[in-house]
Amino acid sequence: MLDPKQKISRRHILKVGAAGFLGVLGSTLVNPVSAFTKSSQSEPSHDMHDKLKNMRQHSMTHGYDPGTDSSEGLESAVKALTQFDYGKASMRADGRTVRDYDMIAADWELEIAKGIRFPGWAFNGTIPGPTLRCTEGDIVRVTFRNGSAHPHSIHFHGIHPTDMDGLEPVAPGETFIYEFEAKPAGMQVYHCHVQPFTRHIHKGLYGNFIIDPKIPRKPAKEFSMVMNGFDLDLDGENEIYTVNGFAFAYMSRPIKVKAGELIRVYISNMTEFDLLNSFHLHANFFNYYATGADPQARPYFTDTIMQCQGERGIVEMVFPAPGRYMFHAHQSEFTELGWMGFFVAE
Amino acid sequence: MNPKPNKRMVWLWGIAPLLLLAVVILLISNVGTGVKDQQAAPIEVLNIERIVLQDDGFQVTVLNSGPKEVEIAQVVVDDAFWNAEFDPGPTLQRFELATIYIPYPWVEGDPHEIRLITTNGLLFSGEVAAAMKTPEADANRFLQYALIGFYVGVIPVGLGLLWFPFMRRYTTKGIQTILAFTVGLLFFLAVDTIQEGLELGAEAPGVFQGTGLVWFGAILSFLFLMAMDQSGKRTSGSLAEIGGKRVSYKIAGGIGLHNFGEGLAIGAAFAAGEASLGTFLIIGFTLHNVTEGVGIAAPLLKDRPTWKTFLSLACVAGAPAILGTWTGGFVFNDTLAALFFGIGAGAIVQVIFVISKMIVRDARRFELPAVSWLNLGGVTLGIVLMYATALLVNF
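Here the protein sequences line up with chains A and B, keeping their order.
At position 83 of the first sequence (counting the first as 1) the number is 83 in UniProt numbering, and the numbers step up by one without a gap.
At position 249 of the second sequence (counting the first as 1) the number is 249 in UniProt numbering, and the numbers step up by one without a gap.
Be careful, since some hints might not be right.
Which stretches of chain B does chain A cover? Using the computed rule of at least three CB atoms under 8 Å from a CB of chain A, they are [to be verified]: (1) 70-83; (2) 253-267; (3) 376-385.
Some chain A residues well away from chain B (every beta-carbon gap over 10 Å; in silico) [claimed, not checked]: (4) Glu168; (5) Glu174; (6) Arg199.
Everything labelled a hint here was simulated from the structure, so no lab data went into it.
No residue lacks a Cβ here, since even glycine has one placed at the ideal position from N, Cα and C.
In isolation and in its complexed conformation, chain A is listed as follows (with noise of 0.2 Å):
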């Protein structure tokens, strides 16, 4: 009866209205459909032509399937999920840990989507860069070879000398040893810091950088994502929006949980040109710590929440029942870029 396509009258819709109990139905099921019929004005012959025509269509529906072959930026993103770089632990004769990270920036082509290869600046061959990961008091030391054709460096956010804040360009084939105490604790990032800065963080120099508290956190499971964007044409403007660095990697590999395990997400935001992102998560609420830095912060409860570029903070969840929950940004336009993705709790 009510065909999208069947242009609806003014009196019909009044017979409709008319009739008793379906006056209610009539307001709320015919308002949208004389909405549709604006845009279509088919005749009724050519209705089987077109019924026929969805059928044969049905295979591909509206929308975006990513579909689930496997490719080389995919097996990246799902990797960058769940791996943590604690680099080479050593213990110095004062007794503190100190941990030994290999860095290297070079110009790497990498697929960002399927199909699609963006010439970047990566470190160690990823973008997002390796998350790196310590324990609060932590001797970091980092030895950064620039085997680019560029001047480039790693500024990293914390508490630090500021000879140890990556401002001072290391040139092509040089290598500098960053070295500092580890501190604080809470969710970091870290980035290139060598003008022009649009270009060197765009193009990919930047990741994760987790200090653990000196008393753990909760057990949980956890994963790590860098939400960013990727400008093809150079025009200031992304195309591609993703979460470590491949567009829809958790709508092919959907993330699995458990329900009932408390889950810890270390988010950060180094999307360029677009002053915000965001995260949300569908049917579930979530706690949130900006940067997680303070011991004594409540969180913020919700199922939203933005950064701003450089922004990053621990999501915990704990899904209530088996299911699939959608997680995406909160700007429709970056989620049907490439930024949204699937958790799936057993």
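For chain A, the structure is supplied; the task is to place chain B on it using the hints.
Positioned in the frame of chain A, the structure of chain B alone reads:
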């Protein structure tokens, strides 16, 4: 001297440069040019030739006019990744055409943007200014377009020809003025046709040199018609000598090509969903083309043509508008259109050349000035009239 080895020598001289050329090309392709610069960015060119809107989405025709094969990795519609099917496939060889089916709930009257992202991350986009279902090429549409072409082409030209008995009453001076008026009309049409052709040529894929095609088409059609004239009759003299009918047919032919272009514009307007523009164009072109009939009839003023001649003249000049409307409505192609416009312009210029010569000869014979005030008035009136009626169809 022995003629045989001599002949062989001649052949050798003919072939030697070709052989050497082959050697040089082989050398360059194997050894390189010596310049070792790497290409900064991949060169890929995709031309979105046509976007058809169907009930269930878009159908996009795309041409690879770049130097290498191109693979389309993703389709983005209005800033959203979207499912798409490729026929024959997402990889296009050089000069290969592909059709992309995109199921999409487009909204009537809204603008839509379709972006293709290649594997190298290059973007190519096509726009739908205001979405409307593309008319399907069924028998009904065909007839409707034919009727439109008939209104725009055959009818106004025929009406213009009906002035013939009225024009006949004029003296030599009057006929000269009418011919001058025809020159004015044709001059306007030549300029207009070249302009339109250049505009379309600029839209055509770069590899086909669309704007170049306009000039090539023009010069070749001009020379072709000149050659025809000069091989047929050696004397090009007064109207009576070379036959007014012949000149009239040539004018009709040139104007026919011009009207083909007008049909293209109307058909393309309908295809692009600009129905109101289409109606407006029909009225405009109909008025515009009445004057063309006068121009075609002018060279016949000293002949005794039958009604059959007029009918076939109206068809030669007017019927191409029908073809144009079909082409514009169903299979528009910027490159070919640019070439047609060039050919049309060349034909028109050649006719101007012939008529001007006629005016000069006749003027000399009757000891009148060729560029009399009356004749100048005729030319001016022709241009002004065309200009004024063109205001109806230009934006």
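Right, here's what the structure says about each hint:
1. 70-83: holds (count 9)
2. 253-267: Our answer is that it is violated, as 0 residues pass the Cβ test (under 8 Å) against chain A, missing three.
3. 376-385: Since three or more residues must qualify, the claim that chain A covers the region 376-385 of chain B is violated, with 0 doing so at under 8 Å.
4. Glu168: Holds, because the least Cβ-Cβ distance between Glu168(A) and chain B comes to about 29 Å, which exceeds 10 Å.
5. Glu174: holds, 24 Å
6. Arg199: Given that every Cβ of chain B is farther than 10 Å from that of Arg199(A), nearest at about 15 Å, it holds.
Checked against the numbered hints given earlier, this structure breaks hints 2 and 3; the rest are met.
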